[in-house]
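S.K.: Chains as they are written, first to last, in our numbering: chain A, 1 to 690; chain B, 691 to 1380.
Here are the simulated DMTMM-like pairs of lysine to aspartate or glutamate, each with C-alpha atoms no more than 20 Å apart in a straight line:
(1) B:742 with B:759
(2) A:690 with A:69
(3) B:843 with B:1086
(4) A:585 with B:1281
(5) A:311 with B:1119
(6) B:1275 with A:294
(7) A:224 with A:678
(8) B:1001 with A:464
(9) B:1380 with B:759
(10) B:1114 with B:803
(11) A:460 with B:958
(12) A:585 with B:984
(13) B:1001 with A:429
(14) A:329 with B:1144
(15) A:515 with A:407
(16) A:585 with B:786
(17) A:460 with B:1012
(18) A:585 with B:983
(19) B:1275 with A:293
Selected chain B positions facing chain A (Cβ under 8 Å, derived; list incomplete):
(20) 962
(21) 973
(22) 1000
(23) 1007
(24) 1012
(25) 1013
(26) 1134
(27) 1151
Calculated from the structure, these hints are not laboratory results. Small disclaimer: the values here were computed from a predicted structure and weren't measured. Note that CB positions come from ideal geometry on N, CA and C, so glycine has one too.
Number of protein chains: 2
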Amino acid sequence: MKRILSALALSTLILSVRADEGMWLFNQPPRQLLQNRYQFDATDAWLGHLQKSSVRFNSGGSGSFVSEDGLLISNHHVGADALQKLSTKEKNYLRDGFYARSLAEEVKCLDLELNVLQSIEDVTMRVNAAVPKGADADSAFAARRKVIADVEKESMESTGLRSDVVTLWQGGAYHLYRFKRYTDVRIVFAPEQQIAFYGGDPDNFEFPRYDLDICLFRAYEQGKPAKTQDFLKFSPRGAADGDLVFVSGHPGRTSRLLTMSELCYLRDQSLPFRLASLKRLEVLLGNWSARSEENARRGRSSLFGVQNSRKAADGDLAALLDRNFMAGKSRAEAEFKAQLAGKAGYAGVPRAFDRISEAVRVLGGQAARYTLLENGMAFNSPGFGIARSLLRAGDERTKPNGERLREFSDSGRQSLELGLFSEKPFYTDLETLTLTDSLTFLAGQLGVSDPLVERVLAGKSPRDRAFQLVEGTRVRTVAFRKQLYSGGAGAVLAAEDPMIELARTVDSEARALRKVAEAQSEVMQQAQAEIARARNQLLGTTGYPDATFTLRLAFGTVKGYEENGRTLPSFTTFAGLYERAGQMKNRPPFDLPAIWQKRGLRPNLEVPFNFVSTCDIIGGNSGSPVVNRAGDFVGIVFDGNLQSLAWNYGFTDRQGRALAVHSAGILEALNRVYGARELARELVAGRRSK
Amino acid sequence: MKRILSALALSTLILSVRADEGMWLFNQPPRQLLQNRYQFDATDAWLGHLQKSSVRFNSGGSGSFVSEDGLLISNHHVGADALQKLSTKEKNYLRDGFYARSLAEEVKCLDLELNVLQSIEDVTMRVNAAVPKGADADSAFAARRKVIADVEKESMESTGLRSDVVTLWQGGAYHLYRFKRYTDVRIVFAPEQQIAFYGGDPDNFEFPRYDLDICLFRAYEQGKPAKTQDFLKFSPRGAADGDLVFVSGHPGRTSRLLTMSELCYLRDQSLPFRLASLKRLEVLLGNWSARSEENARRGRSSLFGVQNSRKAADGDLAALLDRNFMAGKSRAEAEFKAQLAGKAGYAGVPRAFDRISEAVRVLGGQAARYTLLENGMAFNSPGFGIARSLLRAGDERTKPNGERLREFSDSGRQSLELGLFSEKPFYTDLETLTLTDSLTFLAGQLGVSDPLVERVLAGKSPRDRAFQLVEGTRVRTVAFRKQLYSGGAGAVLAAEDPMIELARTVDSEARALRKVAEAQSEVMQQAQAEIARARNQLLGTTGYPDATFTLRLAFGTVKGYEENGRTLPSFTTFAGLYERAGQMKNRPPFDLPAIWQKRGLRPNLEVPFNFVSTCDIIGGNSGSPVVNRAGDFVGIVFDGNLQSLAWNYGFTDRQGRALAVHSAGILEALNRVYGARELARELVAGRRSK
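Next up, chain A with everything else stripped away, as it sits in the complex (with noise of 0.2 Å):
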């Protein structure tokens, strides 16, 4: 679905920022609010400081340097994909947790890239005077397409840096974005995903929690820790009720600047169709799991993965279904529209949402289809994945730079063969589950009798088909990967590799669906600067763009709220997390583990755990850092609570709130529950001990 919600994400709306609302660029920091309502002066030093020192994890999350030593914290269900595959039957890393008492206990993980932000250019006026007035869509998507392969080869050619050109404002801005990137990325801490995942799914973005959601690596370089100048001083007292605190990291996605035709396409179409599929997978993964531990050990993190986007969706579509809401959505646009009608020279702007709206339809027609074979929703299997990157690599590497798709561009190469050569371990029979079960749902969306679906099928069962296809591959072994990456298509043909074939069977569909999203997408980037000019004439709004998993910074306030007549206080304790596993009998998965059940353990119960706050986050901001006034670590995000999920379409502070680990309970469970002291002090310190 990513691409989908991607080419749809691309509207702009009156905005006004209320409240502790917005996820601000770094190089449009909302200085005068600050200034006006908290008497907070963000300078430049205070915002490049803590720019430098955020971390984005490729694998979809946030964290901080907190040493000079290159240790950085992030959330343990960040780090869970890194432990899932290190983990082996014998270790299990994941469930178990880790502790390197010295840097030669480090472990490194397998295909882990993180960036630092460096810096941000505008490109927007080299961006669109590359692509022709009046051209098609298909042309001004192949042009935009070239300038921006341009733009992100020069910088990186002349930088070494890592250079993405971002669209903001869903089109109305082109930012080209350079980073430090870090490959020898090593673990120093995991807790036990029992207490990092305290109260599992079934407190997941529920409120009051105790998570020690949080785990420590070590960036290295050359072989040895890196030295870090931007880092963020841990706070041992942490934030306090009614603190004024900040969110610096990498929020995902949003969509608070949709048209109404898009909103209404996501709650009728795409959710529902959505939800179906991760209930689907919940269910299955779910009952494997359970039918041994080392199921249960291989699953985990998909399992988890498949939970938390099933909830954050459900949310999501509850959101779209509230009237008041969406009455809201649709008054403002109407008013828009209504102001646009009587100025000059801003008559043909409303046409650009009937643009966008006719856009919603054409990919909406194709959503299907689209998501299953684009997508590869119908081929839910590592396998597939790999199969069609040596497949389209083969074919897109000898193109200019500047006519590939995306993810084969020069500037992305590093981080694709990152991913592809991973010696990351595959489960075959895990993936013959899901590659059956997805050939099955495949079957029953476009029917048997489709003749792509026939041809995928050659004949057999999704499950006689499914584990011909696991068992036959050779994409599992890392040399066969690069002798097939370098050797290129022909290389790739002569291989017969029923995977890599059953690729081939859907790649020219695929492409063809991907070619009609990327036009659309481009007559809605179009039709959307249209509307952004016309807003930003008129209106002088200022503000902030939707989400695009790149560095933001949000501000609030450490505050409790109501819920269903009871008032729920900033913080929860040590003590509090106790009094849970009491209630619930110590039972699964509201268990502690045997450390923290401890004769004679003695963590002071008052100390914070977990508290609420008001700053404006989304999913990729886990592991954020929270920071007070100084720029001091005093917590780290980790969760929204549910009434959060709806600040997917619009922001307020009544009772949604962003969550996180205080800095303070970290300490305590390192020194008092853990032993962990070492770890502890660098932390207090900001340095290893010599």
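Given chain A, work out where chain B should sit, using these hints.
M.R.: Using the frame of chain A, we list chain B on its own:
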């Protein structure tokens, strides 16, 4: 979905009985076959005794009398509905089990109805004669409904027995079944659900198994234990490997005689839709249940039902996606049509297949709305079911008996009222949850701007609307229900109950959809009758009709099977149970109840626990007695293995097996684990000790 499937379950095909196949009618038993293959003489006395010892649970399941004092045995999961309704937060019968050491301690079920088949009469001629030749589908349906209602009412009035006309051979025959009813049924013994459903959902439909899936009840008449002349002698030795055994029970529904157009509809539309709904519900109930122990208690039996159906439906779909299987079905149908083509007098029969195919198309076209509105999938709440019954009772009961919706006919009145006036508990938070979910699903399926959806939601979000309906309705009060039921349509209208008014909002469309479905079912029954005639005259095939939740006889052999290269023996033992618990570290759902872990407990570990046989069963057979040649009770069916799920569409005993609890295992558990020696004595003696 039930009714849609019902309307579609209408065809017959060439039937070649092989292996130990068959769910035979008690009035058309496979005498010759048993004689030839097993030298077994199924005498009238043997059959009659087995028939009258067999019990149907109207809640959906089977059972049998096992003492002359009304004692009867079924599965724990068949009794679960009754156990759940009697449970409270303080006393959780379903989870913790129950044993009444005296008659006085036996607990009466709230709304359980048992039926014991007394006689079968073929009324095909009378039913068909009442339908005018050449009448259109609507009139034909009305005429058939009327004659069936007449037959049932006459029979009920003349015999005092519950009288149901059962449609067999998808319309090829109509038999009048007369049942003795028991409505005072008390619980005698239930083990903990943990051991009854040992291994939980992960092990459901798997073998080897270790489930003590039994529940004992006692039927009462006039406040005293019923004197039951016919009951099965309980065999302490039980079944042995290689034994010929029989199953007498109530298979709910099979689809072996469907035409290709019906099978393709199931595969491509009906099952994918049903599966998505089941998985959605499973996620909803699973996560809600995990939030607290009290949620888990209240959601338990719903969640089990959903998971059980989901696993069966997944198996159904896999069977229909088996290319060889479907090719065989298709070939058989083509061959039959080819045979017809050459025969004088049968030229019209192939058109009967076309009429079925056309009916499937019509039903498929309205299936989503039918399922949502008439089957009530959009209003998943016990309150809605009651509200609709009250609304329709008011409208229907003033009509002549033969013109009413079937569920309001005079012959069904007692059963309807038993359910309608049950003092069963309601869980308003759970009801709000499921109603919110189903209203959300409705909006996703039909679109928020569908006029009916707009009226249903009444300007509110699904969550707010569900809350308003559940809070506002009074249908949870039995006195209110009785008042409206006796007051008729006027009283129902005057009550202005929001849930009833919701039912009224959808009633005209729901009834219109049902009218179409009924007319199409008449078309299909007539087409079916024509095909059946041709088949019998041309091929002279005899056999058994698809399952109809009426009493059937199956037979087979106690026999293990091969799976993934392993040979699975036909039995498990108590030793195997303890091994499994050890292997799974006694973690849920593989944990043993405390009593099974008691120090000093000494069950004989060699005693058989569960066993498999080739008897032909399906859902509804749960609780069916397994008897030997002598007609003695040697076990009780509680499940089939995964491979048996394909039996919905065709029987093969290569791997498919029926699973049963062994009679010796039952005695061992009662005597040595539960100390229920009195009960064990009654089983062995066939009467209570005086």
